[in-house]
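Trainee: Turn these sequences into a full structure, and let the hints guide you.
As given, the protein sequences belong to chains F and H, one line each in that order. Read left to right, the first sequence gives residues 1 to 355 (this note's numbering). Read left to right, the second sequence gives residues 1 to 355 (this note's numbering).
In short, the hints are calculated from the structure, not lab data. Misleading hints may appear alongside valid ones.
Because identical chains share one entry, a pair is satisfied inside a single copy or across any pair of copies.
Restricting the straight-line Cα-Cα distance to at most 20 Å, the calculated cross-link-like pairs of lysine to aspartate or glutamate (DMTMM-like) are [as the list claims (entries may be wrong)]: (1) K92 <-> D54; (2) K7 <-> E31; (3) K179 <-> E154; (4) K179 <-> D143; (5) K314 <-> D106; (6) K179 <-> D140; (7) K263 <-> D143; (8) K317 <-> E283; (9) K91 <-> D54; (10) K105 <-> D189; (11) K110 <-> D189; (12) K48 <-> E313; (13) K92 <-> E31.
All figures in this text were calculated on a predicted structure; none of them were measured in a lab.
Residue strings, one per chain:
2 protein chains.
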Amino acid sequence: MATVPLKDELDIVIPTIRNLDFLEMWRPFFEQYHLIIVQDGDPSKTIKVPDGFDYDLYNRNDINKILGPRASCISFKDSACRCFGYMVSKKKYIFTIDDDCFVAKDPSGKDINALEQHIKNLLCPSTPYFFNTLYDPFRDGADFVRGYPFSLREGVSTAVSHGLWLNIPDYDAPTQLVKPLERNTRYVDTVLTIPKGTLFPMCGMNLAFDRDLIGPAMYFGLMGDGQPIGRYDDMWAGWCCKVICDHLGLGIKTGLPYIYHSKASNPFVNLKKEYNGIFWQEEIIPFFQQMNLSKESTTVQKCYVEMAKQVNEKLGKIDPYFVKLSDAMITWIEAWDELNPPTKDSDKATNAASK
Amino acid sequence: MATVPLKDELDIVIPTIRNLDFLEMWRPFFEQYHLIIVQDGDPSKTIKVPDGFDYDLYNRNDINKILGPRASCISFKDSACRCFGYMVSKKKYIFTIDDDCFVAKDPSGKDINALEQHIKNLLCPSTPYFFNTLYDPFRDGADFVRGYPFSLREGVSTAVSHGLWLNIPDYDAPTQLVKPLERNTRYVDTVLTIPKGTLFPMCGMNLAFDRDLIGPAMYFGLMGDGQPIGRYDDMWAGWCCKVICDHLGLGIKTGLPYIYHSKASNPFVNLKKEYNGIFWQEEIIPFFQQMNLSKESTTVQKCYVEMAKQVNEKLGKIDPYFVKLSDAMITWIEAWDELNPPTKDSDKATNAASK
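Mentor: This is how it looks when you write it as structure tokens:
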């Protein structure tokens, strides 16, 4: 049913501070695609990319040059900078992966083509309004079970495909500290839609999305250098995207594909980055769970701007950081619209969003 | 962590119209437990049970004798009659299984002890308020992922464990007709909580629950003989249970364990039973999705009685059947309370419910 799209429909976005030797293992799956490499940290450092890959590399100087003062919305010294790559892409689909993620094997020992599975996920509808107990009904060998309303079987367009990780699981620092030896060895052979109204912790390590459907909401926030928080970039994007997808009638899937996550990051460093987030998320998550977007917010941009205002009003009380983040959200949308001039269809939306 | 409870904590409920040869295969897993066999159809027929099993068998005469006029709430000529077994049990846990379900094998070829997995599911908390991308965080080798709020990590008590089926999937008649050869061969090695606010199609073929927590809501409705609908008994119970679990802060899990479902039922017969349900569910499901139970409904019985009133008021407009069903729901609660006299703790609840 689903086919891997042609080269001109997908970009692979990789944030990094080092040589991209990990690409060797991905060569059979990635070589036909264009890579957008977002170099974090010192821009004078040279990042080596293995021969044969088609890529553009952007360092901090490039980001500053392209965005001017609006570059302030792109994080520095944090992999949150990857969202710059989403903005400069001109493709319909984005796949983003961390540079410590390798090709995983399925239970039969075969290499998993993560990209192909993500595209399958994105090309099949989602089913957010009712749970299907045999999981993704559009997968070969599965269907809607008895009792699934027929009116809901068309599903909705899938905006996000969230993949998982074998070996090192994506744990927070406290869990890493408590369970230093835990490895994820369970291959769960499924994809499912996260139901409407339910939030989830979106990890940016192995993630694909439809830029046309949800791109402007894939902002990874202000993290790293000069900010009181790190490792919440993908979480932030996940909360925002889920609320907007629910509002606009789009779907988010999670499950397959797996990648092999090779190395646990340092839990002590992580704790330092995370501790504010661990505290703040107890208020942020109820904020997103209770958020209502107005009927007038009919596009991703409009939703995002409305959301930014609510962040300012309601989360600004927690810490001045959220006022800054709210401003950055608006700046992000302005920058997005500048780099992605509206088509006739989206004129109104963009005008509203960039005010 | 979880251990299989002793014999005196669980009953196995089996509705049937034939000799229970299928029990031979389950002998190593079931023999230590008490069986409650609910004989459907002609009460003069003798049902043979293999030697060595400890059981009580109830036929229609027994049901009429035990419940008197209230026996009208128990379906006849439909496996919905199984819920009589839930009512006469005195145990904390119920496992119910169809007599065409056999022991399935896991991918390593090992026989699956379905009962043991159900008990594990019921003894571990559920997490209905936020989605965990590595599925059940209480399973060995898994945990809560980064970004999961710490305040929600205790979870809530699990009331229902919904197991799945290899081989013949639980499809409706139209899907059976369209895909007569489809078999479920995918072993998905996971258990997950169905999020709060999300309904699901609960199948009664392979189901376990905590009678103390949710028993009075496990009513399988009026189906079969004299009724305009069949094959919606478990669906009805599932919708009611999910709304009540959400209201009372209880969890429902689905996924493992698998059983091997040996034989597809006749799709033409099924279509005749189902067609009203297929039509009606398009209104029933939104009814349950939008249902609000009052703060005063603090017990399962109170919730169920309140629900019955709403069924009368709102679904009665669809068809007079729902007025009859609403009455039967009240009768069911009265019968439940008669057979299960309230303890001191539940006095108030039961008094309110049986009015």
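Trainee: Determine for every hint whether it applies to the structure shown.
Mentor: Each hint tested on the structure:
| no. | hint | verdict |
| --- | --- | --- |
| 1 | K92 <-> D54 | within (18 Å within a copy, 63 Å between copies) |
| 2 | K7 <-> E31 | within (10 Å within a copy, 60 Å between copies) |
| 3 | K179 <-> E154 | between (42 Å within a copy, 18 Å between copies) |
| 4 | K179 <-> D143 | between (38 Å within a copy, 10 Å between copies) |
| 5 | K314 <-> D106 | neither (45 Å within a copy, 50 Å between copies) |
| 6 | K179 <-> D140 | between (37 Å within a copy, 12 Å between copies) |
| 7 | K263 <-> D143 | between (37 Å within a copy, 18 Å between copies) |
| 8 | K317 <-> E283 | within (11 Å within a copy, 43 Å between copies) |
| 9 | K91 <-> D54 | within (15 Å within a copy, 66 Å between copies) |
| 10 | K105 <-> D189 | both (12 Å within a copy, 16 Å between copies) |
| 11 | K110 <-> D189 | both (14 Å within a copy, 18 Å between copies) |
| 12 | K48 <-> E313 | neither (44 Å within a copy, 70 Å between copies) |
| 13 | K92 <-> E31 | within (18 Å within a copy, 58 Å between copies) |
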